[in-house]
Amino acid sequence: MINKILESAEAALADLPDGATVMIGGFGNAGMPAALIEALIARGSRELTIVNNNAGNGDTGLAALMKAKRVRKILCSFPRQADSWHFDALYRAGEIELELVPQGTLAERIRAAGAGIGAFFTPTAFGTDLAKGKETRRIGDRDYVLEYPIHADYALIKADRADRWGNLVYRKTARNFAPIMAAAARCTVAQVRETVELGALDPETVVTPGIFVKRIVRTGATLRKAA
Amino acid sequence: MKKLDRNQMAARVARDIPEGSYVNLGIGLPTLVADHLPRGREVILHSENGVLGVGPRPAAGQEDEDLINAGKEPVTLLAGGAYFHHADSFAMIRGRHLDFAILGAFQVSASGDLANWHTGGADAIPAVGGAMDLAVGAKKVLVMMEHLTKKGESKIVERCTYPITGARCVNRIYTDLAVLDVKPDGLHVVDRVEGLSFEELQRLTGVPLKKLATAA
Numbered sequence: 001m002i003n004k005i006l007e008s009a010e011a012a013l014a015d016l017p018d019g020a021t022v023m024i025g026g027f028g029n030a031g032m033p034a035a036l037i038e039a040l041i042a043r044g045s046r047e048l049t050i051v052n053n054n055a056g057n058g059d060t061g062l063a064a065l066m067k068a069k070r071v072r073k074i075l076c077s078f079p080r081q082a083d084s085w086h087f088d089a090l091y092r093a094g095e096i097e098l099e100l101v102p103q104g105t106l107a108e109r110i111r112a113a114g115a116g117i118g119a120f121f122t123p124t125a126f127g128t129d130l131a132k133g134k135e136t137r138r139i140g141d142r143d144y145v146l147e148y149p150i151h152a153d154y155a156l157i158k159a160d161r162a163d164r165w166g167n168l169v170y171r172k173t174a175r176n177f178a179p180i181m182a183a184a185a186r187c188t189v190a191q192v193r194e195t196v197e198l199g200a201l202d203p204e205t206v207v208t209p210g211i212f213v214k215r216i217v218r219t220g221a222t223l224r225k226a227a
Numbered sequence: 228m229k230k231l232d233r234n235q236m237a238a239r240v241a242r243d244i245p246e247g248s249y250v251n252l253g254i255g256l257p258t259l260v261a262d263h264l265p266r267g268r269e270v271i272l273h274s275e276n277g278v279l280g281v282g283p284r285p286a287a288g289q290e291d292e293d294l295i296n297a298g299k300e301p302v303t304l305l306a307g308g309a310y311f312h313h314a315d316s317f318a319m320i321r322g323r324h325l326d327f328a329i330l331g332a333f334q335v336s337a338s339g340d341l342a343n344w345h346t347g348g349a350d351a352i353p354a355v356g357g358a359m360d361l362a363v364g365a366k367k368v369l370v371m372m373e374h375l376t377k378k379g380e381s382k383i384v385e386r387c388t389y390p391i392t393g394a395r396c397v398n399r400i401y402t403d404l405a406v407l408d409v410k411p412d413g414l415h416v417v418d419r420v421e422g423l424s425f426e427e428l429q430r431l432t433g434v435p436l437k438k439l440a441t442a443a
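Chains A and B, in that order, give the protein sequences. My numbering applies: residue 1 is where the first sequence begins, and numbers increase by one. My numbering applies: residue 228 is where the second sequence begins, and numbers increase by one.
Simulated from the structure, these hints should not be mistaken for laboratory data. It is possible that part of the hints are untrue.
Said to hold, decoys possible - Restricting the straight-line Cα-Cα distance to at most 20 Å, the calculated cross-link-like pairs of lysine to aspartate or glutamate (EDC-like) are:
#1 LYS73(A) - ASP350(B)
#2 LYS366(B) - ASP141(A)
#3 LYS299(B) - ASP83(A)
Throw the hints in and build the complete structure from the sequences for me.
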């Protein structure tokens, strides 16, 4: 019997090594897999390469991982925010490497990895500092920049509900990067609010089919009180 | 001369957004445009983080941490709205499905280069978000910004001195003084605020302007 549901976040990350590339879902706090990040911090893995849209907000989640100095490099589109002080301090001290990627290019590079695409041409960033040193090509009447996929060892994502085969449904804008990260990583771990019996998820509404998901951890509702 | 305030600028932009448009509003000033779309005009707002049909801010106490816009502010979803993942969201942008992207800017050049992502300062931490995708992807890119910097320098320039977000991508500029169309032969004045002559506007603007035939 297939059962991807594990008893704890710690168990789900027990084989995550130092130096791993880890995608972390979420856009700001929406979809941020807080329980998995806490387990990652507790595990003590170091020298991580992190892929996320941001570089942490406030003092919890990804920001706490930053603060604990576990991140060697981050790929993201929007590190600088009013409450990104932990990243800001590391960056200014030269203690973290930043690869800044336009948000759509970040998403497509992740998607490409999961879809087995070797590289792709995008018009985004052509002629800007973020395309410096990159291969370009004129196709038709537009100029494009060559971009490569981003593969990961692990993807840590948050979904709303799952079954034991790993099928996932999400909630509102918490979906964001999770479906494409799930496909781009060798080992995808999803924290979910609720697990349900096989067959209870309407197959027409499954967003991430279980083939992309290795491990499920049920955390219950993790929504914080409305601000 | 009566400079437009932020809400008047937003109202001026909103006038030009026809029913049925799919629109992405940038963070900051452009977000105000949503408040000035006339009731009953159906305009569908897109947010990069995976929403079409973004509705107004929820009432206090009704916020949902899982429902935010690209500025990470709580929003609501209109009836008919939809959620999707990030790659689909940027396929909508890059694939030229959005009618308008309305963006803020540090500078716009006479040929429509946009600079709005990075000051290039040595100590500044760069952040780009979806700006470069919106600049190349939307069918029309509208910029909203003050005409002059705090020091009184024109933000409309011959060449951007800040790092650019996209080359030749801006179609129209809305400032607190004027509305300008970016055309292959230069900038055409569509509108000026009350009491501002073409000559005075030209004096304040860093590049040569053309009178639109229909402009008063």
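So, going through the hints one by one against the coordinates:
1. LYS73(A) - ASP350(B): holds (19 Å)
2. LYS366(B) - ASP141(A): holds (15 Å)
3. LYS299(B) - ASP83(A): holds (12 Å)
Every hint, counting from the list given before, is met by this structure.
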